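Asks: Sequence:
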Amino acid sequence: MSDVAELSSVDYFAYSVATWSTVTAVGLLGFPRLITTLLLPYEKHSTGELLPKTELNGFERFLTIQSSIALLAAAFLLLQLTGSLSSTPIRQPSPYRLPSVTFATTALVFSSVLAFYADSETIGLVGKVHCIPAAALSVWGISIMIFEIDAATYRRLRPREYLNRFLENDLRMDGRRLDEFRSTSINQENEGSIDTANGSAVVRLGNTTMIAGVKLKTALPDPNREAGYVVPNIDLNPISNSKYKPGPPSEEAQVLSSRINDVLLSSGVLNQKDLTIEQGKAVWVVYIDVVCINFDGNAFDAALIAIVAALRNTRLPVTRYDFDNDRVLANPEESTSVPLTKTIIPTSFGLFDGKLVTDLNDFEQSLAHSRLTVVINEDGTLAHMSSQGRNMADNLDDSLDLTQRAIKIARERYDAIAKLII
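Just so you know, the sequence shown maps onto residues 472 to 893 in this note's numbering.
Keep in mind that a hint or two might mislead.
Unchecked claim - With a Cα cut of at most 25 Å, we get these calculated DSS-like pairs of lysine-lysine:
#1 K744 to K826
#2 K716 to K813
#3 K879 to K686
#4 K688 to K752
#5 K879 to K890
#6 K752 to K714
#7 K813 to K688
#8 K890 to K813
Claimed, not checked - Label-pair ranges, simulated between beta-carbon atoms:
#9 E632 to N765: 24 to 32 Å
#10 A889 to Q750: 55 to 63 Å
#11 D833 to K879: 23 to 31 Å
#12 E722 to R786: 29 to 37 Å
#13 P803 to A690: 27 to 35 Å
#14 D868 to R786: 25 to 33 Å
#15 K752 to D868: 53 to 61 Å
#16 S654 to A690: 35 to 43 Å
Please keep in mind that the hints were generated in silico from the structure rather than gathered at the bench.
This one's a predicted model, so the numbers in the text were calculated from it and none came from an experiment.
No residue lacks a Cβ here, since even glycine has one placed at the ideal position from N, Cα and C.
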């Protein structure tokens, strides 16, 4: 797949104008006479008067050319530095474009400008030998600047159009089909992934990595309900992605924690009544902390899968309530499993003009006009479904069709992920 994006006629025109403007500006900057006027503006005549220069001696001709080249080279290096700081890495080099074309094109354009403005008397024979082939080669360089633009630049300038060019061919930027998931792995050792937690798991979903840890504490029960508590918390930190800033939890993290809590409660995956230690006296509080190590989209799926996997290997100490001392006594030598009633697996989708796309990465997720999440029970029934953003489709029939396709894919996804959870 080529990493050179095809441009529309509007893009051709806009890029041509930008290129012409740049060359014109550089031409004015590199005009030898202008450089000479700035550096050596006057000369002393025989009459003793200081008059503007009209002729250049050999040293001044040399200084003119070298000053122009040095000034243009400095501008070139500054542009390259700016580009390298804001560049986005591309997956594959284009087979149609040399790796050094950006540097060569810029250098040749600068040289051609000097050739255009300088005559043989000004620059001498050496200058002609240098500028004539440079001017000829710059035609090739400018044609590349006008008619080809590398994928990384096009992605930054026109992200939605860039993504649509893939989706129109039912492909993704990383080569996946629209209904294809990234590689998924679950680290769920018998002792857990975190030694200090009662249960833990690490989930890798493509480049998104989530680690979930479960901590158990006792608390007084709610007088209105005899049941324990489940408290999930999602941490999206600057280490995982530079778009997250230090400080209080971001709005995205709070929304994600709330959504996870809604799913855990509505699906009944954890029987909270079985978390009661002694009626009216003590209950278990299950704290679930999920930390994002690396973020590249679809945090909801990765976080919920990590939570389910961590709960699977969480052990509750065998306890009894000491009425004499009004406290809970635990036996660390004996334990039981957390009272999970089922295993649930989420599958999230993005919608792009009627196309259903699974497992979005961060770039795709930022451009989706709506998102759909389907959570499936182990018996294939629907445990939870929610949507965000605009309407899924323009009419009810199309929306129902998309929903049915999503549920079908989610059931297939359940079978693949459930096998990875111990």
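Asks: In ascending order, which of the hints set out earlier in this document are inconsistent with the structure?
Replies: Hints 1, 2, 3, 6, 10, 13, 14 are the ones this structure does not satisfy, whereas the remaining hints hold.
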